[in-house]
Amino acid sequence: MADRHTGMVEKRGAGHWLTHAGLILGVLFIFFPIWLAFVASTITQPEIVHPPMPLLPGDQFLENYAKALVSGVNAPVARMLANSAVMAIGIALGKIVISILSAFAIVYFRFPGRKLFFWLIFVTLMLPVEVRIVPTYEVAARFDMLNSYQGLILPLIASATATFLFRQFFMTVPDELAEAARVDGAGPMRFFVDILLPMSRTNMAALFVILFIYGWNQYLWPLLITTDPEMNTIVMGIKQMFPSGDDIADWPVIMATSILAMIPPVIVVISMQKLFIRGLVDSEK
Amino acid sequence: MATLTLEHVKKSFGETKVIHGVDIDVAEGEFIVIVGPSGCGKSTLLRMVAGLEGVSEGEIRIGGDRVNEKEPMARDIAMVFQNYALYPHMSVAENMGYGLKIAKTPKPEIATRVQEAAKLLQLEPYLKRRPRELSGGQRQRVAMGRAIVRRPAVFLFDEPLSNLDAKLRVQMRLEIKQLQRKLGVTALYVTHDQVEAMTLADRMIVMNAGVADQIGAPLDVYADPETAFVAGFIGSPPTNFLPASRFGGTEGEQLGIRPEHLSLVAPGEGRIAGRVISVEPLGAETLVHLRLEDGTDVTVRQEGGAEAPGEGMEAGLSWESAAEMRFDAEGRRMRGT
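In order, the protein sequence lines correspond to chains A and B.
Just so we're on the same page, the numbering used here is the position in the first sequence counted from 1, plus 486.
Just so we're on the same page, the numbering used here is the position in the second sequence counted from 1, plus 4.
A portion of the hints provided could be inaccurate.
As the list claims (entries may be wrong) - Below 27 angstroms or equal to it, Euclidean Cα-Cα: the simulated DSSO-like pairs (lysine-lysine) are:
no.	chain 1	residue 1	chain 2	residue 2
1	A	Lys601	B	Lys21
2	B	Lys123	B	Lys186
3	B	Lys132	A	Lys760
4	B	Lys123	B	Lys111
5	A	Lys553	A	Lys725
6	B	Lys14	B	Lys74
Since the hints were made in silico from the structure, they are not lab data.
Treat the numbers as computed from the prediction; the structure is a model and nothing was measured.
Kindly generate the complete structure, drawing on both the sequences and the hints.
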């Protein structure tokens, strides 16, 4: 027991402290702008524009955040947060449902053109949203989906990456499992729901986190598809708060909005961290 | 419990013919082992009975009813897979009861039947565990339990013991046999291990390249093989083959003699001579490997107590003519004369 701390993991001495000092410095470096944003969201407008800017939070926290949430600049931040949440959750869930079903079809069913469809899906991986954004806009506009949740979600709902990931996962599931289920009398959908879905749950959680953040951070598409401030999402909404021309920017409210915009992704990551990491590391079969 | 009949069963994948027509009538409660080397079509045959592979030609009947077109579930069979194929996210009890759950069996009955099977297989303490928390032997039992609770007409086993270590394999082999006797269910068992085939089978089917070379009780097959392949495959060490032309046969014919039917005599005596290349004392028996003048290797099995010549020594070989098995150039057994 005496030399319990001499193991590889519990290395002591100068190296140990240096490592920690380095890490702490790194964290401070990354965290400082966020801290500044937080400080800026708790003080008044004059305090921000007259340098030097204070480094400690002021006393305007409640006022600024209340103002942001309830009235904002163009639209109340609460409204924009709700829009972003609908969009991000819609995209994440939609992508998971569609891609897991298409992966199931590609891996477990033999149908004409199976290979072709797989390659078609795979090839779209190489086409980023920006490349097809004009035709997509045209289609969305003609379907009358401007300024609507459908318009925000549907064009982004198919995911080649997720389909590919699920396909890879399904291919590692032993064929005998599908056969055992067949002998047990499970039809294809029963097998999917009872066996494949529970086995994919860590993969789904990992994807949900990634896709939620992807959806939350969408900027270009919401900017094109929404013109009504009531339909703005928060990430593009922040940019919309910047004044044009000679108007004065309401920095404390903008900063409060930025801080508020960060909170939901952070909550999603933290609450799903365990499943997320297991989904990336584990190969439970 | 039911009879199982295969009639001219053939299978081809595209142009490639895998099974060239197998016929067998399996009686109620009979234990049939299909044995053969890898790639001989034995697993395919089993999967055709299970309904996991289509039947290209011929007919499969379970309990007298044609099942060619039926889904596995409707065939009243249960299958034990080589890698067990347990559902990893379900507990042992859920694994065993899954088939019943799908068949909409009332819950209390599922529970009773799972309990019964667990008791039979000594799995009671593990019912709540996940498959990954079990040892190989226990997983094997769960796979068997899953088959038992269904109370099927026919058990199908696809090399169920090949993932276990040697000691456990022997133990599970005995348990499978006892279980099948106790339940009285017709069983079809695929293996490449001829010892498993010999010990388990009421009758065995020796498959070679898609053809059932011989169907019969293990000891009959051993004592009286129909083809050179069967003579070489069943029995360990395998049958010795000598060119028959040296003993009054025609060119291409072969003479098969089991190792235990050969005996060593002094050099110069006996019917042929050879040099000892190695000696394997196994306790109860000793295997003596010799190389003949024409380069053929033969093995002699002696009692453990008998005196064996040292390596490199010359020795003569003799055998009773009654122990000879003659095979023609195609490997078929020649009888009479």
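Consistency of the hints with the structure:
no.: 1; hint: Lys601/A x Lys21/B; verdict: holds (26 angstroms)
no.: 2; hint: Lys123/B x Lys186/B; verdict: holds (14 angstroms)
no.: 3; hint: Lys132/B x Lys760/A; verdict: holds (24 angstroms)
no.: 4; hint: Lys123/B x Lys111/B; verdict: holds (18 angstroms)
no.: 5; hint: Lys553/A x Lys725/A; verdict: holds (17 angstroms)
no.: 6; hint: Lys14/B x Lys74/B; verdict: holds (17 angstroms)
Every hint from the earlier list agrees with this structure, and none is contradicted.
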